[in-house]
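Visitor: Chain A is already provided as a structure; the job is to place chain B on it using the hints.
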Amino acid sequence: MTDTAAARNLAPLREGYKYGFVSDIESESAPPGLNENTIRFISAKKQEPQWLLDWRLESFRQWQKMDSPHWAKLRIAPIDYQAATYYSAPKRQNAPKSLDEVDPELLKTYEKLGSPLNERAVLAGVAVDAVFDSVSVATTFKKTLAELGIIFCSFGEAVREHPDLVRKYLGSVVPQGDNFFAALNAAVFSDGSFAYVPAGVRCPMELSTYFRINAAKSGQFERTLLVADKGAYVSYLEGCTAPQRDENQLHAAVVELVALEGAEIKYSTVQNWYPGDAEGKGGIYNFVTKRGACRGARAKISWTQVETGSAITWKYPSCILEGDDSVGEFYSVAITNNFQQADTGTKMIHLGRNTRSTIISKGISAGKGQNTYRGLVRIQPKAANARNYTQCDSLLIGDKCGAHTVPYIAARNPTARVEHEATTSKISDEQMFYCQQRGLSKEDALSLIVNGFCKEVLKELPMEFAVEAQKLLAVSLEGSVG
Amino acid sequence: MLEIKNLHARISEGREILKGVDLTVKPGEVHAIMGPNGSGKSTLAGVLSGKPGYEVTEGQVLFQGRDLLAMAADERARDGVFLAFQYPVEIPGVNNMYFLRAALNAVRKQRGESEMDAGQFLKAVRAKLKLLEIGEDLLQRGVNVGFSGGEKKRNEIFQMAMLEPKLAILDETDSGLDIDALQMVSRGINALRGSERAIVMITHYQRLLNHVVPDRVHVLSGGRIVKSGGKELALELEQTGYGAYGDAA
Numbered sequence: 001m002t003d004t005a006a007a008r009n010l011a012p013l014r015e016g017y018k019y020g021f022v023s024d025i026e027s028e029s030a031p032p033g034l035n036e037n038t039i040r041f042i043s044a045k046k047q048e049p050q051w052l053l054d055w056r057l058e059s060f061r062q063w064q065k066m067d068s069p070h071w072a073k074l075r076i077a078p079i080d081y082q083a084a085t086y087y088s089a090p091k092r093q094n095a096p097k098s099l100d101e102v103d104p105e106l107l108k109t110y111e112k113l114g115s116p117l118n119e120r121a122v123l124a125g126v127a128v129d130a131v132f133d134s135v136s137v138a139t140t141f142k143k144t145l146a147e148l149g150i151i152f153c154s155f156g157e158a159v160r161e162h163p164d165l166v167r168k169y170l171g172s173v174v175p176q177g178d179n180f181f182a183a184l185n186a187a188v189f190s191d192g193s194f195a196y197v198p199a200g201v202r203c204p205m206e207l208s209t210y211f212r213i214n215a216a217k218s219g220q221f222e223r224t225l226l227v228a229d230k231g232a233y234v235s236y237l238e239g240c241t242a243p244q245r246d247e248n249q250l251h252a253a254v255v256e257l258v259a260l261e262g263a264e265i266k267y268s269t270v271q272n273w274y275p276g277d278a279e280g281k282g283g284i285y286n287f288v289t290k291r292g293a294c295r296g297a298r299a300k301i302s303w304t305q306v307e308t309g310s311a312i313t314w315k316y317p318s319c320i321l322e323g324d325d326s327v328g329e330f331y332s333v334a335i336t337n338n339f340q341q342a343d344t345g346t347k348m349i350h351l352g353r354n355t356r357s358t359i360i361s362k363g364i365s366a367g368k369g370q371n372t373y374r375g376l377v378r379i380q381p382k383a384a385n386a387r388n389y390t391q392c393d394s395l396l397i398g399d400k401c402g403a404h405t406v407p408y409i410a411a412r413n414p415t416a417r418v419e420h421e422a423t424t425s426k427i428s429d430e431q432m433f434y435c436q437q438r439g440l441s442k443e444d445a446l447s448l449i450v451n452g453f454c455k456e457v458l459k460e461l462p463m464e465f466a467v468e469a470q471k472l473l474a475v476s477l478e479g480s481v482g
Numbered sequence: 001m002l003e004i005k006n007l008h009a010r011i012s013e014g015r016e017i018l019k020g021v022d023l024t025v026k027p028g029e030v031h032a033i034m035g036p037n038g039s040g041k042s043t044l045a046g047v048l049s050g051k052p053g054y055e056v057t058e059g060q061v062l063f064q065g066r067d068l069l070a071m072a073a074d075e076r077a078r079d080g081v082f083l084a085f086q087y088p089v090e091i092p093g094v095n096n097m098y099f100l101r102a103a104l105n106a107v108r109k110q111r112g113e114s115e116m117d118a119g120q121f122l123k124a125v126r127a128k129l130k131l132l133e134i135g136e137d138l139l140q141r142g143v144n145v146g147f148s149g150g151e152k153k154r155n156e157i158f159q160m161a162m163l164e165p166k167l168a169i170l171d172e173t174d175s176g177l178d179i180d181a182l183q184m185v186s187r188g189i190n191a192l193r194g195s196e197r198a199i200v201m202i203t204h205y206q207r208l209l210n211h212v213v214p215d216r217v218h219v220l221s222g223g224r225i226v227k228s229g230g231k232e233l234a235l236e237l238e239q240t241g242y243g244a245y246g247d248a249a
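If you read the sequences in order, they're chains A and B.
First residue of the first sequence? That's 1 in the numbering used here, and the numbers climb one at a time after it.
First residue of the second sequence? That's 1 in the numbering used here, and the numbers climb one at a time after it.
Careful, some of the hints might be misleading.
Keeping only pairs whose Cα atoms sit at most 30 angstroms apart, straight-line, the calculated DSS-like set for lysine-lysine is [unchecked claim]:
1. A:K400 x A:K442
2. A:K455 x B:K51
3. A:K347 x A:K459
4. A:K400 x B:K51
5. A:K442 x B:K152
6. A:K168 x A:K230
7. A:K65 x A:K45
8. A:K455 x B:K152
9. A:K426 x B:K51
10. A:K281 x A:K73
11. B:K166 x B:K130
12. B:K109 x A:K442
13. B:K26 x B:K166
14. B:K152 x B:K26
15. B:K166 x A:K442
16. B:K123 x A:K455
17. A:K442 x A:K368
18. B:K152 x A:K426
19. A:K455 x B:K128
20. B:K123 x A:K442
21. A:K455 x B:K109
22. A:K382 x A:K230
23. B:K128 x A:K442
24. B:K123 x A:K459
25. B:K51 x A:K442
26. A:K459 x B:K109
27. A:K168 x A:K382
28. A:K347 x A:K382
Computed, partial: chain A to chain B, Cβ under 10 angstroms [said to hold, decoys possible]:
29. D429
30. C435
31. S441
32. D444
33. N451
34. K455
Hints in this document: simulated from the structure, not taken from any laboratory.
Built from N, CA and C at the ideal position, the CB exists for glycine as well.
Next comes chain A alone, as it looks inside the complex (with noise of 0.2 angstroms):
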């Protein structure tokens, strides 16, 4: 039983934020600054194309005419983007062949993490595409996968390997232009992870990838890219935790996924960055484009989240409905604490026939933390029969944090059918008390609660990954009932 285990680990977590340390590996760091010249030096640092190149210098060109959104409910202190630093790489970056080769001290960080790779590998049958801070370091069970046509790897080496496959969906779902962090993620994005799986394939394992700041004021722009050819299926895990800092650390990821014909794609996350201490200092800024499309009939695209971390979060994983029957489905747990702010929600788009969308959002808001959903479901004309239900529920802890629900619904078909239902709860002193009276401890009896509440998403993660979240559930609302 996942909960079981996840409520023996909860008391070694209780003891701050565990993945607040810092390895101690040189990096190869731009200077801080952004203009063309940083461009460049990403990209001549990375040994790009020419193409590629070009491609980046557009989108700074794009960006430098764009305004940050401020839409969103969010209070985001201004954001100094000539002040940080665009790329940095663990020094010792002659690829290695094997995990031997590997720094030891970057193994020692990843077994801190909870995420040895070869036992990680091995037990649980996940490749995992680690990267720490910009460049990928290790990728596992590639041998496994190459055996079935599948490519999993760092973006860089995609970008080497596998150009054409590259160019072709490179910027398809998520355009250069496409909003302010977007822009700058095109621009500047230092690496991230690859994967395309062949028609007909099924993708025997998880495929896992966990990301990592870790030089101070390195801003981490990564940029994933999963193309499920016809009939193809893959299930992507994305999970994160940061070193403890200071300052805030700005984070603009973009990740595109393409689902063809009777494709499905299913990705996971766990978002676990540094939400800031107790007073609302530090803590992660996170701005994430994420957007699938369903390019044929019958594909299939679902995003399920677990948003525990970053100081602020502006993110809209989003579905394009494209191909007739396909399918989209957003699940998400959002929780803030303290002074966490968190502006999430999705996009369904449906713009082919009988196109299904499902959202569940489970917003869980406690100290001051303020929770938004934002969603917008759009049917366009030819959409026929298009149906999309969603339920949004919020769940606040004490009396100074918020809730607040932005659904936004088009609906220019008139066969179209669009479910909204939402609700808001307390948790109250009656069940808290009931939970008490059977022996659970306050802390135990919250993340009972809360886990219960966020059921309906949980279920949808892989089991590894979910009992991940449920420790982090309880983690993040550490010290939240008195």
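Guide: Same frame as chain A, now just chain B:
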């Protein structure tokens, strides 16, 4: 087992409800506390189980010689104090079975016993389910979510049977039960009677006491125990009503 001495308690920032309760319950005994509405029955159950919202202003409660009032609610529960709720609380999304197993393992840990794995637990559960004629489907539902009134009460007794407390306090467990459910619940309570266990039944009506025959009956009125006697006292009350005890304060 339980010694209540001159217990005074009030609703936080409110008026005094218990005005000097004295009660001693020995292991193996079943006591019934009866009384009119507003006499302080539920307050007594709340104070004994550590429910927030009450304030003890005077007096002492000893449980197995320890100061019960100094213990947190969950500590009391793990030490063997069980409250069957008058209004069992719903916890959506939390599987009834999972909830019970978490509770049982918390209690077992305190008793120095090993945690039960899923297999052992299921075996223990099935035995008790049979006793209370509870279907297994009840276990897979959310805690008390969508339960009928009778199912909720039966579920309380089922939890009690699983947790095997030393002191069980039943707060109006008989209210809202039809005659069949009352008999099932009574069977569950009777099965738990034992030389090591004390049971305190709080009830407004005498009818539960036909099925679970108490050793002692107390009348609580105006925040005090105004009369104590054997099981015949309950029958007497049935005849005369609480009127004779008026507002004894």
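Visitor: Hint by hint, note whether the structure agrees.
Guide: The hints, checked one at a time:
no.	hint	result
1	A:K400 x A:K442	holds, 20 angstroms
2	A:K455 x B:K51	holds, 28 angstroms
3	A:K347 x A:K459	holds, 22 angstroms
4	A:K400 x B:K51	holds, 24 angstroms
5	A:K442 x B:K152	holds, 23 angstroms
6	A:K168 x A:K230	holds, 16 angstroms
7	A:K65 x A:K45	holds, 26 angstroms
8	A:K455 x B:K152	holds, 22 angstroms
9	A:K426 x B:K51	holds, 18 angstroms
10	A:K281 x A:K73	holds, 19 angstroms
11	B:K166 x B:K130	holds, 22 angstroms
12	B:K109 x A:K442	holds, 16 angstroms
13	B:K26 x B:K166	holds, 11 angstroms
14	B:K152 x B:K26	holds, 29 angstroms
15	B:K166 x A:K442	holds, 22 angstroms
16	B:K123 x A:K455	holds, 26 angstroms
17	A:K442 x A:K368	holds, 20 angstroms
18	B:K152 x A:K426	holds, 22 angstroms
19	A:K455 x B:K128	holds, 28 angstroms
20	B:K123 x A:K442	holds, 29 angstroms
21	A:K455 x B:K109	holds, 27 angstroms
22	A:K382 x A:K230	holds, 23 angstroms
23	B:K128 x A:K442	holds, 28 angstroms
24	B:K123 x A:K459	holds, 26 angstroms
25	B:K51 x A:K442	holds, 13 angstroms
26	A:K459 x B:K109	holds, 28 angstroms
27	A:K168 x A:K382	holds, 27 angstroms
28	A:K347 x A:K382	holds, 18 angstroms
29	D429	holds, 6 angstroms
30	C435	holds, 7 angstroms
31	S441	holds, 5 angstroms
32	D444	holds, 7 angstroms
33	N451	holds, 7 angstroms
34	K455	holds, 4 angstroms
Violated hints: none; the structure is consistent with every hint.
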